[in-house]
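> Full structure from sequences and hints, please.
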Amino acid sequence: MPTPFLDRDLRVTPIDAYIDPPVPRARAIITHGHSDHARSGHGAVLATPDTIAIMKVRYGEDCAGRFQPLAFDTPLQVDDVTITLKPAGHILGSAQVLMEHRGQRIVVTGDYKRLRDRTAQPFELAECDLLVTEATFGLPVFQHPRPLDEVARLLRSVATFPDRAHVIGCYALGKAQRMIALLRDAGYDAPIYLHGAMIRLCELYQERGIDLGLLRHSLDASKGELAGQIVVAPPSAIKDRWSRRLPDPVLAVASGWMSVKQRARQSGVELPLVISDHADWNELNATIRESGAGKVWVTHGREDALVYQCRKLGLEAEPLKIQAFEEGEEQEGLDE
Amino acid sequence: MRRFAQLMELLALTPSRNRKIEAMAQYFRETPDPDRGIALAILTGALTFKNVKPAILRDVVLAEVDPHLFALSYDYVGDLGETIALIWQHHGGTEPLPSLSDLVELFNMTSKAELPRLIGSLLTRASINERWALVKFATGALRIGVNARLAKTALAEMSGIGLQEIEEVWNGISAPYPELFDWLEGRAERPDIDHTARFHPLMLSNPIDEEKDFATLDPAEWVAEWKWDGIRVQIIAARGKVSMFSRTGDDIAAAFPDIVDNVFGDGVLDGELLVGADFEPLPFNDLQQRLNRKQASMKHLQTLPAFLRVYDLMFQGGTDIRSLPWRERRQRLEAWFAAHPQTRLDLSPIVPFENWEQLAEIRRRGAAEHGHEGVMLKLRSSPYVPGRPKGLWYKWKRDPNVVDAILMYAQRGHGKRSSFYSDYTFGVWKGNEIVPIGKAYFGFTDEELRQLDKWVRNNTVASFGPVREVSKELVFEVAFDSAQQSGRHKSGIALRFPRINRIRWDKPAAEAATLEDMQVFLSAT
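Residue numbers (our numbering), protein chains in the order written: chain S, 1 to 336; chain L, 1 to 525.
Simulated from the structure, these hints should not be mistaken for lab results.
As the structure is a prediction and not an experimental result, all values here were calculated from the model.
Treat each hint with caution, since some may be false.
To spell it out: a stretch of chain S is covered by chain L in this simulated footprint if at least three of its residues, at any positions, have a beta carbon under 8 Å from a beta carbon of chain L; those stretches are [claimed, not checked]: (1) 118-129; (2) 138-152; (3) 306-316.
Partner residues are not named here, just some residues of chain S that face chain L (Cβ under 8 Å, in silico) [stated by the list, open to error]: (4) Arg8; (5) Gln77; (6) Val260.
From the three backbone atoms N, C-alpha and C, an ideal C-beta is built for every residue, glycine too.
Structure (structure tokens):
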């Protein structure tokens with residue numbers, strides 16, 4: 001294939017725009033609202049309407065000079081590059097960026113998953129010549145189980161320990177809302193209690209049409225009232241003084257990292273729930289194969305194994321080290 | 001298997017000791033024989049499968065998974081069993097797994113050649129959690145924060161019978177323990193175990209607190225012995241049969257025929273296993289060559305003959321004398337030696353002293369001149385109490401040697417520490433280069449481990465697989481018991497029992513020790 005029109009900093013060279021740039025840029029295309037992808041301070045931001053709404057809630061109305069919303073599957077011509085945002089299935093509004101230029105097709109997946117999740121627009125596969133894929137769970141030991149089975153384990157534990165609160169540590173954007181939706185879909189209709197950091201984002205999801213049922217602020221309930229209840233909180237709060245107000249809490253954490261029991265043990269997690277918003281090893285491989293890409297750049301995670309696997313299949317593959325993301329390398333364990 | 005897998009998961013993930021005990025007790029109450037007995041044997045490490053080795057499981061997986069991907073995965077997960085359980089790609093899961101007792105049968109009956117196929121089909125039939133438990137069950141490498149003692153504590157909890165009583169019968173019974181459960185559930189008498197067939201739990205000492213304890217102890221009431229640098233063993237000799245147990249109750253007689261074939265007279269003896277000719281103990285390193293072997297080689301029997309330095313008599317002939325005071329037992333022990341001349345057993349001598357200051361000097365000189373590990377203090381009036389009773393026996397170890405060494409390499413730990421660089425190789429100056437003198441992975445707090453881990457990540461200069469080479473800047477004060485010549489290390493020195501005493505964040509590497517500094521430790525031992 002010809003030289004890609006995307007460089008290793010994810011700069012779309014013909015139009016001088018960056019995808020998920022870690023530092024402020026004049027033109028940025030943002031895949032989704034997580035802080036390692038969406039930063040404040042860019043000149044112009046192109047993103048889905050949901051992602052723009054999320055950025056405004058998290059960083060303020062003025063977090064970018066100008067916002068340009070682009071609906072999914074709507075091609076946008078910028079000079080001689082055509083940009084289409086395809087659903088990535090990761091969180092509400094999350095997108096892959098498909099770019100076409102002089103017959104060459106490039107897809108940057110951002111973070112994605114292919115499992116059904118009613119809090120995110122479902123993943124759509126896009127064929128391409130160069131695929132830039134995430135690799136958060138890029139090792140064959142990561143094979144995510146069915147989320148409903150994991151929720152069933154949680155509900156069993158809630159029934160077993162009626163005197164204890166179950167506190168679920170999960171990322172405030174995306175995972176929290178998905179967790180709540182999964183509980184609702186499993187028939188759990190009691191109020192779910194939220195740590196303060198979750199409230200505004202849950203409201204945003206509900207404003208945008210995602211039903212999460214009855215939610216309450218955990219501070220509005222007494223210690224006694226929280227017995228037998230489910231509380232959702234960011235992982236950092238769990239080890240903090242905040243959790244002292246919970247009755248003998250069962251510590252649950254919802255994350256793809258939780259499949260490794262020794263890791264769960266190490267972080268003191270009593271009930272690991274293997275629920276992930278990222279593609280697992282099998283999904284990563286299926287996506288690479290189905291995209292038809294002859295060239296793969298691997299980023300965000302365990303690049304080594306996936307690069308090795310691609311090369312074994314005869315694909316041109318290389319790891320992409322995006323500098324500012326390195327800090328997150330070993331922050332596995334709790335958030336994603 | 002399903003119920004057992006649930007128990008295993010709960011045990012692995014519950015930090016609370018009491019909840020673990022309760023969970024095991026509940027499992028033993030609810031699960032019928034013989035499965036609960038099998039589970040008990042697995043939890044206590046009493047049951048292993050001769051042919052089912054981690055290497056076989058690894059081969060079963062490597063037949064299907066790319067070795068490089070497996071290696072990357074193992075490096076990440078840090079636990080072989082868990083890696084295997086997670087990486088297995090076939091998920092059947094409809095047909096339930098066999099019961100524990102059927103599994104035991106299958107593992108024991110299946111030929112080595114057929115074993116891979118059996119294991120493959122079991123892994124496929126298992127759900128993810130069962131697969132994890134199955135691998136642990138098969139290999140015996142549990143790593144779930146449960147030891148034999150905790151499992152026996154659960155038996156005590158379920159039955160109301162004391163832990164000590166359960167330990168007394170433990171070595172005379174075997175899986176699946178029907179007579180044990182009958183007794184615990186009140187359907188039968190306590191199993192009648194002949195004293196000659198079982199291990200008797202040992203009496204252990206507490207470290208002395210020099211600042212506090214000496215003020216209250218009267219030297220006239222105490223007796224001192226050298227602290228021998230071997231391993232603690234128990235000899236049971238009765239009617240021509242001799243057994244030998246390690247301090248945890250493992251039967252190690254087969255590895256030491258030179259001792260068990262040469263015990264004259266009946267009784268239960270407590271002593272230190274050492275190697276050396278003519279009762280001259282060689283360094284622990286030499287003893288180590290004979291440990292962890294099922295059988296002794298002819299060569300070792302000649303070059304490293306074993307002997308037992310005896311310090312207590314628990315049974316005289318067939319009579320339990322543990323309730324007698326130490327001075328009475330000692331008299332009987334000396335009489336026993338007088339009546340039965342020995343070739344491989346000798347008496348641990350009493351070290352006379354008048355007062356604590358004098359004993360301190362004896363201890364110091366014993367360490368400097370003979371390499372003694374320290375002294376033991378025993379109360380003359382004390383009975384032999386199994387366990388670690390307070391105030392009856394003390395150990396007073398020699399002061400450790402310390403050296404300032406430079407951190408060179410760090411490696412990720414396993415299990416709980418698999419995300420931390422927790423194994424450290426350190427070295428000292430040899431001219432302008434630094435040569436490694438040892439490796440340590442404890443002696444620091446969890447908080448210090450986090451700081452060290454961060455330091456390693458920020459100061460890496462090269463990576464070789466799981467090992468990181470770091471810039472030679474951080475100094476550890478390393479404590480160790482002794483130093484020996486070693487051909488295995490570039491420095492020519494090997495340390496015994498090295499541990500990180502302090503992290504010298506403040507000390508420049510240039511001021512760390514040199515190889516010449518180390519020579520004094522070699523001559524002292």
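> All the hints need checking, so say for each whether the structure fits it.
Hint by hint, here is what the structure shows:
1. Coverage of the region 118-129 of chain S by chain L is violated in this model, with 0 residues showing a Cβ closer than 8 Å to a Cβ of that chain against a need of three.
2. Only when three residues or more bring their CB closer than 8 Å to a CB of chain L does the claim for the region 138-152 of chain S stand; here the count is 6, and the claim holds.
3. Evaluation of the coverage hint for the region 306-316 of chain S: fulfilled, as 3 residues show C-beta separations to chain L shorter than 8 Å, against a requirement of three.
4. For the restraint placing Arg8(S) at the interface with chain L, the shortest Cβ-Cβ distance is roughly 22 Å, beyond the 8 Å limit, so the hint is violated.
5. Contact between Gln77(S) and chain L, as hinted, is not supported at the beta carbon level, the nearest pair being about 42 Å apart and thus beyond 8 Å.
6. The restraint placing Val260(S) at the interface with chain L holds, with a minimum CB-CB distance near 6 Å, inside the 8 Å limit.
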